[in-house]
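> Chain by chain, the residues:
Protein chains: 2
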Amino acid sequence: MLTSIATVSISGALTEKLHACAAAGFDGVEIFEPDVIASDHSPEEIRALAQRLGLSLDLYQPLRDIEGVDEQTFAENLRRAEATFRTASRLGIGTILVCSNVATATVDSDEVSADQLRRLGDLAATYDIRVAFEALAWGRFIDDYRRSWTIVERANHPKVGLCLDSFHVLSRGHDPAAIRDIPGDKIFYLQLADAPALTMDVLSWSRHHRLFPGEGSFDLAGFVDHVLATGFDGPLSLEVFNDTFRQTDPDRTAVHALRSLVWLQDKVAALQPELARGRLHAVAEAKPPNGFDFVELKAEDTSDIEILLEQLGFTPSGRHRTKPVTLWVAGDARVVLNEQQARDLRPHVSAIGFSVPDAAATSHRAADLMAPIAYRRTYADEQELSGVVAPDGTEMYWVTATGGQPPGWIAEFHNGMPAAASPVRGIDHVNLLQPWQTADEAVLFLTSVFGLSADAPAEVPGPTGLVRSQVMRTADGSIRLPLNVAPHVLDGSSVPQHIAFACRDVVALARAARARGLDFLPVPDNYYDYVAGRFGVDADTVAELREFNLLYDRSPEGEFVHFYTRTVGSVFFEFVERRGHYDGYGTDNAPIRLAAQRQRQTERVRSRVAGPSRRVPSGANLEP
Amino acid sequence: MLTSIATVSISGALTEKLHACAAAGFDGVEIFEPDVIASDHSPEEIRALAQRLGLSLDLYQPLRDIEGVDEQTFAENLRRAEATFRTASRLGIGTILVCSNVATATVDSDEVSADQLRRLGDLAATYDIRVAFEALAWGRFIDDYRRSWTIVERANHPKVGLCLDSFHVLSRGHDPAAIRDIPGDKIFYLQLADAPALTMDVLSWSRHHRLFPGEGSFDLAGFVDHVLATGFDGPLSLEVFNDTFRQTDPDRTAVHALRSLVWLQDKVAALQPELARGRLHAVAEAKPPNGFDFVELKAEDTSDIEILLEQLGFTPSGRHRTKPVTLWVAGDARVVLNEQQARDLRPHVSAIGFSVPDAAATSHRAADLMAPIAYRRTYADEQELSGVVAPDGTEMYWVTATGGQPPGWIAEFHNGMPAAASPVRGIDHVNLLQPWQTADEAVLFLTSVFGLSADAPAEVPGPTGLVRSQVMRTADGSIRLPLNVAPHVLDGSSVPQHIAFACRDVVALARAARARGLDFLPVPDNYYDYVAGRFGVDADTVAELREFNLLYDRSPEGEFVHFYTRTVGSVFFEFVERRGHYDGYGTDNAPIRLAAQRQRQTERVRSRVAGPSRRVPSGANLEP
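These protein sequences, in sequence, are chains A and B.
No gaps in the numbering here: position 426 of the first sequence is 426 in UniProt numbering, and each next residue is one more.
No gaps in the numbering here: position 254 of the second sequence is 254 in UniProt numbering, and each next residue is one more.
With the rest of the complex left out, here is chain A (with noise of 0.2 Å):
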């Protein structure tokens, strides 16, 4: 199906949007009034400018406050909306929103509004515009797209016509089934968004939190399912207002918006698979990545991470034959640390290598969801890796599983020695530090080309903020994405991304740890007595506990147990042992982590400040 997004939905001036979403893919756009009214093109440069783009103009909005009034504001409003289509001609658009009333409504009743659209319809005909009419969440009389569509019906006037926007119905809560019982051809636009599941007042949700499909909690499947049973063939158009779009670059929202429209139509297709053949824009099928493959971290200076890996009982298995990258191994996670000639690069994690059942179909679907390309240089008789770059910036890459067979890549690598056995399982998860920009993105991103799912977010008070978590997941576990998003920074400090490892015996780990020197992060002691307080554990577990700085959590499903390492650079690690089933992240946890990583950080500061100006040999065991 075609499609279209609203001009509100991105930044920029007037220009930069029809640019953006031209570059995007998108079929058309429906322009919104105050963009035009700011603009320096005139209507007529505006029309030039988007046919040479290829863009249709598919609406001009809003129209509002019109219906519903006494016969005196109702002369006064067909002036003025005659004032909006003659703009509307002037800008080649033949389809105008109309607004139920919400601020200048008298006259509650079907007749008057039906009455008042018919003779706006008799105007708009004159300029050959059709009207599409549309019962906002808060209109002051008319708030239920079944009254609208009574009114419409009423109204009977081949120029008069529905717009739907499925916040103002699902927002609501009301049945969007009845949807299907209306003439597909007197569904003049359809307009789309989603949001997440507040409790607030609807105008402020639609206002600052809609969202694109895919990232809130609407069923926008089920609804367009609905809309195209009734037989409309216009084009699917994004109406999203969100403060953070609003701030984003309009060239990247514009994909993260056409994007959302692709996966939409392959969930319908989904659901309508006869529909699917001929209309339906279907996404090449790849199933879930079943398992971490690797992480990767880059940075000028590795050496302090190789102390820490060391420590913690990693083999150092190989350097790579072509590319200044090692190898370290314990059970199934590998972590791969690559030097780059670059100057005070801080140690991160640059990439994730995912195990997928089929590296082709993954490659495809990520072509399909216009995922940016990850570059990787790749010699003749290396293996390539397929791989993308998420919205944060991190690569992602994917190899097919060969069941239990370590994958081929490593190969590559020599001189490495032999893996030791390790209490290490695996990778459990990455912790990945968003920009609060692209954080919405990335959701959509994950769930649309891994097929991963959100788990309600969580915030996790931190002595400078809350810090904002959300994971990203398979259903399976073999997959766990916590995406942070930390508060502004204001004293210099920052939260740190972080790789957590699965382990059998954590505290078997912790005690070898410690024995080769390993910098445990401190926990405070008052967070013993509240363990035991809290989870009435026996005073020698909690003794063990507190000697290994190790913390604990328990839910019904099992208990947590797990230790972090120092930061260095912009990464930590953590030792995660998963006992019974539990499923989570000792969130509980993680302000007393922030505090301590904190206290670290203005610990370093002072001794930076207060201490002589020495050089630190590089590769000493020190901070960065």
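What the hints contain is simulated information worked out from the structure, not anything from laboratory work.
Backbone N, C-alpha and C define an ideal beta-carbon position, used for all residues, glycine too.
Do not take every clue at face value.
Short, incomplete list of chain B residues facing chain A, as computed with Cβ under 8 Å [to be verified]: (1) A13; (2) P34; (3) D40; (4) S42; (5) T84; (6) T87; (7) R246; (8) Q247; (9) P463; (10) D525; (11) N526; (12) Y527; (13) G533; (14) I592.
Far from chain A by the CB rule (all over 12 Å, computed), these chain B residues [as the list claims (entries may be wrong)]: (15) R154; (16) P158; (17) A270; (18) A282; (19) E285; (20) P324; (21) Q340; (22) D358; (23) L385; (24) V389; (25) R566.
With the C-beta cut set under 8 Å, the calculated list includes, among others, these residues of chain B facing chain A [as the list claims (entries may be wrong)]: (26) S11; (27) R79; (28) A83; (29) T199; (30) M200; (31) D243; (32) G465; (33) L466; (34) P524; (35) D529; (36) Y530; (37) P591; (38) A595.
Following the hints, put chain B in place on chain A, whose structure we already have.
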């Protein structure tokens, strides 16, 4: 009365919080349990630190999900409570907050809850601790202070009393008058928080959007009045969960918080003058300002501003005899230009002068409210200006207005030209850009120190995000300070400050300014089509508006015609003509202005990138 604050209200580690609260002048604090758990100081160390700082530890909080449960759960809850009592004892805290059960309550019975609280009281008594029971607004069964009081009365235990929190009472719309019937000695603790009028689920409202008294919409003076009528003589304590204060500097937030309690006591004192004498801290009275005395702009080089002012008909009225400062006058508008030898200091609003009825009274009031003093070098025979530094860093001065006479400090300026007749009346408003961190603080600061009041906030959609605008003003409009919070800036553009001058005939002023070469902010043609359509303005008037880049607004009270200059540094000027009783700011036109300003900025960046490198002579009519 004694003052206290919950440690959850401010940022940082627990010890930083204690230092901040003591430095601000609080008498005590209530300790939030998670702050202790995450602290690397033992309870005994925390107790000793508080003692040294002169802070009483008034409350330990919260103990959750205790009552309304089956006997087996209650036994486990008592064990958990005892651990908390032990920690409180080590801290030397005598009162513990117990919230009504949210998560685990299964028994909806006053009798069961009262019995369980009584047994909790018995246990607490062995630690000489009091239990303050609080009805949370989202309690499972107990969500109303009247019910929590019934239960406490029924528990009838000397160690079991009530905790009242203004948020939990007022957010639910419960009438606080019944507080008067509770014996004061059974109110064990009083927590105060304000909040904005929001329609959303009460838990999110409480956890993220609480404000300090005077910043929201609750009648806190009335609430405290009810509590004091009971004979309650504990501290007034603040418990404010707020996403912003969690991120701001704790020292700053603590002063801000204490100011809110000083202001609140003054409000309560006005309700209860007889009570005020002994117990309430009253603030020196001072009438609000009745006009702008001057605005000062500071820069390394003010010549671009001088060019603008000259084009706008201002008269250079002299150079200060001891400072690098010049005075420019038009009507009653006085602009002071202050040239600083600070490299790259671009023009910005550095100070505002107010006319006040009694400068000494305002000085006393500012001191009582702990407003930071602004320093200005003053020589022997110069007029002393008292002033404070507002939260955004703008200095605010005041002098006593002497009806119709120019202020005394003008005599310090020499060699000026005699002021010409001018259509300018005076300064209409000064629009100050606020950092998001201090926007709420600014509302309380201007309310309490200068007696301004807050209009309903507005949101202006700009091309790169929403600008939030909050007008602070006197009732008569003689002082108007729109405070703007700009979106996060991603593309290098920024929202400047501006000074608006009121004038008699804005068209004539614009005509004269254009003749002198003024560079207007250009308004797009489409805007004038919109004005004609929206307001039905006649063609001649529209042509005149268009000719001079004038903007237009109309309300039921009157009309508003205005124009903007180009931006110099971080400042531009606006000239406004208010016709009839128009009382607004042309907010609907602000998006046009924001778009035009961004357009100019983008062009400037482009011409800088594309154009030949050349030196611009200082003072040339080009934007920096």
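> Confirm or reject each hint.
To see whether the hints hold, each was checked on the structure:
no.	hint	verdict
1	A13	6 Å, holds
2	P34	6 Å, holds
3	D40	5 Å, holds
4	S42	6 Å, holds
5	T84	7 Å, holds
6	T87	6 Å, holds
7	R246	5 Å, holds
8	Q247	4 Å, holds
9	P463	6 Å, holds
10	D525	6 Å, holds
11	N526	5 Å, holds
12	Y527	5 Å, holds
13	G533	3 Å, holds
14	I592	5 Å, holds
15	R154	28 Å, holds
16	P158	25 Å, holds
17	A270	33 Å, holds
18	A282	35 Å, holds
19	E285	36 Å, holds
20	P324	34 Å, holds
21	Q340	27 Å, holds
22	D358	39 Å, holds
23	L385	32 Å, holds
24	V389	19 Å, holds
25	R566	15 Å, holds
26	S11	5 Å, holds
27	R79	6 Å, holds
28	A83	3 Å, holds
29	T199	4 Å, holds
30	M200	4 Å, holds
31	D243	6 Å, holds
32	G465	4 Å, holds
33	L466	6 Å, holds
34	P524	5 Å, holds
35	D529	6 Å, holds
36	Y530	5 Å, holds
37	P591	6 Å, holds
38	A595	4 Å, holds
The structure fails none of the hints (numbered hints given earlier).
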